[in-house]
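S.K.: Listed below are the residues making up each chain.
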Amino acid sequence: MELYLQTLANGISLGSLYALIAIGYTMVYGILRLINFAHADLLMVAGYIAFYGIMVFALPWWFSFLIAIALTALLGVSIEKIAYRPLRNAPRISVLISAIGVSFLLENLGIVAIGARPKSFPRPEELVWNIKLGDISFLSLTVIIPIVTLLLLVAVTYMVNKTKTGTAMRAVSRDFETASLMAVDVNKVVSTTFLVGSSLAAVGGILYSLQYPQIDPLMGVFPGLKCFIAAVMGGIGSIPGAMLGGFILGMGEVFLVAFMPELSGYRDAFAFVILIFILLFKPTGILGENVVEKV
Amino acid sequence: MEGYESHIYLGEVNGGTMFKKKYVTVITLLLVAAFALAGCGGGGGEKKDAAQDAASDVIKIGVYEPLTGTNAAGGEMTVEGIKLANQLFPEVLGKKVELVIVDNKSEKQEAANAVERLVSKDKVNVIIGSYGSSLSMAGGPIAKDAGIPVIGCSPTNPAVTLGNDYYFRVCFIDPFQGTVMANYAFDKLGAKKAAIIQDVQQDYSVGLNNYFEKSFKKLAGEDAIVAKVNYNTGDKDFSSQLTAIKDKKPDVIFAPGNFTESGILVEKARELGITCPILGGDTWESEEFLNRVKNTKDVYFSTHFDSTQPVTEMSKKFKEEYEKAYAGKQVNAFGALGFDSYILALDAMKKANSADPKAIRDALAGTKDFEGATGLITLDTNGDATKTAIIKKVADGNFVYEGKVDPK
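One line per chain: the protein sequences are A and B, in this order.
Here my numbering is used: position 225 in the first sequence is 225, and no number is missing along the way.
Here my numbering is used: position 202 in the second sequence is 202, and no number is missing along the way.
Next comes chain A alone, as it looks inside the complex (with noise of 0.2 Å):
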């Protein structure tokens, strides 16, 4: 019982990290049709933001924590700007092509200017603390990341599904043209969608950073595959499917090691695995839509 709880935990909070980053994954993929490697990337650079703002500029953790979502996010919109607009009308695999450059610029920078020696993330003690009932230890962060992740779940389904902005998103996913001929501002829908998106890869980075708290330029990538192949899981393009994609892998990871121990060194394998079997049966995934391609 005591095993199960435990697991139970750990999975509920690997889980809702892996949701809030397919996010960002999916909402990019529903809009412009495009995979943002970068993305997994951002996790990265909002870590080391908060990091250096902690441990350089001494500023309070919460302080810094906003200033590493606010530059992230707009650093996810720059890139858009730069790397992705320009190729808004070229074939859907030069833009593929482009974010994957964006993303090794990334890595590389981050090796090349900060170095890849691994460095130790700072947990603010407000923050981070351990919790004991009866028998079972854990962190607060257990606790904390799962509510933050839901409470952002809720704003952004909220905002996509409620607000005007929201409509104006789910129009331009429907269709780019048609919702540009509707007085749609496409450009400031994407980009809204960017800043969303890399601000949720910012909180995500950051509540990686405090869970892992190591620190190094390539850590990123994979969070950032796990976190792909969840939104692809759930239905590439839905939400929903995203939070659902997520749990489901960061469970399955969880309870794979803990009650098949001797399968621990195959948890990465497993995430594709599962990813084969329900694109085998369900080729759109668990909340896909089923939308015929426009010829």
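Just so you know, these hints were derived from the structure itself, not from any lab.
Bear in mind the structure is a predicted one, so any value in this text is a computation, not a measurement.
Misleading hints may appear alongside valid ones.
Unchecked claim - Which stretches of chain B does chain A cover? Using the computed rule of at least three CB atoms under 8 Å from a CB of chain A, they are:
1) 61-73
2) 109-120
3) 242-249
4) 256-265
5) 268-277
Unchecked claim - Computed spacing ranges between beta-carbons, pair by pair:
6) A:F57 - B:V400: 30 to 38 Å
7) B:A395 - A:S120: 19 to 27 Å
8) B:G273 - A:S120: 32 to 40 Å
9) B:T381 - A:Y52: 25 to 33 Å
All residues carry an ideal CB built from backbone N, CA and C; glycine is no exception.
On the provided structure of chain A, position chain B as indicated by the hints.
M.R.: Leaving out everything else, chain B in the frame of chain A:
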């Protein structure tokens, strides 16, 4: 419109001239390639001559170590030791010794490339490296084929020197290290049940665990290993592995691995309320690891050297000079092993009275009671050092000497 035009253009040319054009291009490319190759060959020949000329006044020692990537800190400490030795003993056989240091990026493929570069481009007389058993195993066969002897500073997996007459090392090996820790857990810590955590991608981690498991089972019975879980290099989330182990209530956990992952792992274990002693190997002796586990108790590991317990005159000298050269840094085992590798290489050249790689190899193979900073080094038939192991623990935010174990 532009795209359309370019299509038409391609179509027309494809009909006739394009074919010829392609032909010409291919031939031109072939010619260029041929010239380039010839150029390379010629260049190579010249370089060789140059190297031989240079060989008269310079002896080159190649160093391949991880200076970036997950093992960067280990590589850096080792290179510091090598450079220090080079400053103290810059000459041998009346010639200047030049270090050629190459980063193997903590990757096996890069390690192979680095050795290839040292033997074919830089034409070194002897090689030192590398931190990390997997990296050394990747580099070993290439040096062997080229007939250049290698002195390993800290690769402890037996397979590094096995079947390779050109690979030697100044450190003890995994069977010894794993056995020492098993004995320590059973005798000194009174452990009856042990759990094992291993990094399946690191030969070092898997090797140490195998020998620990064997020895511990012999001491405490066949069922004494209550759990064995795996992770991969680069993992950061160990909560589920540790939860599974916590459920089995072991008396001790053996978890050797890279200091990066191990640091997070040990910290996480304490967060999850696992209070039993956690044991590891020599890789744990690094600032990175210490910074993570500073506030924890009952963390033990085996290592090669302790600055508070100098065993030879050379240990004292190393300690003094290291503190002078690298003020503010902790005198550590990897620096000492790098230091020893360098002075052993020089000693072999002196004994052979030659810088010829083959002669150096033969001299190295006969090493007996060589006085290094880490103790007296005797190389056995495999090229492995038989030495004393030191056990340290984490206490009051520092690594503290706990005891030593002599080889049988």
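S.K.: Decide, hint by hint, whether the structure agrees.
M.R.: We went through each hint and held it up to the structure:
With 5 residues carrying a beta carbon less than 8 Å from a beta carbon of chain A, the segment 61-73 of chain B meets the three-residue requirement, and the given coverage holds. Under the rule that three or more residues need a Cβ within less than 8 Å of chain A, the assignment of the segment 109-120 of chain B is violated, with 0 such residues. Requiring three or more residues with a Cβ within less than 8 Å of a Cβ of chain A, the coverage given for the segment 242-249 of chain B holds, as 5 such residues are present. Closer than 8 Å: that is the beta-carbon criterion, and the segment 256-265 of chain B has 3 residues meeting it against chain A, so the requirement of 3 holds.
As drawn, the segment 268-277 of chain B meets chain A at 3 residues by the rule of a beta-carbon pair under 8 Å; at three or more, the given contact holds. Between A:F57 and B:V400 the beta carbons are some 35 Å apart, a value that agrees with the proposed interval 30 to 38 Å. Between B:A395 and A:S120 the CB atoms are about 20 Å apart, so this pair conforms to the stated range of 19 to 27 Å. Under the hint 32 to 40 Å, the C-beta atoms of B:G273 and A:S120, about 22 Å apart, miss the expected range.
The given range of 25 to 33 Å is broken by B:T381 and A:Y52, whose C-beta atoms sit roughly 53 Å from each other.
Figure legend: structure checked against the earlier numbered hints; hints not met, in rising order: 2, 8 and 9.
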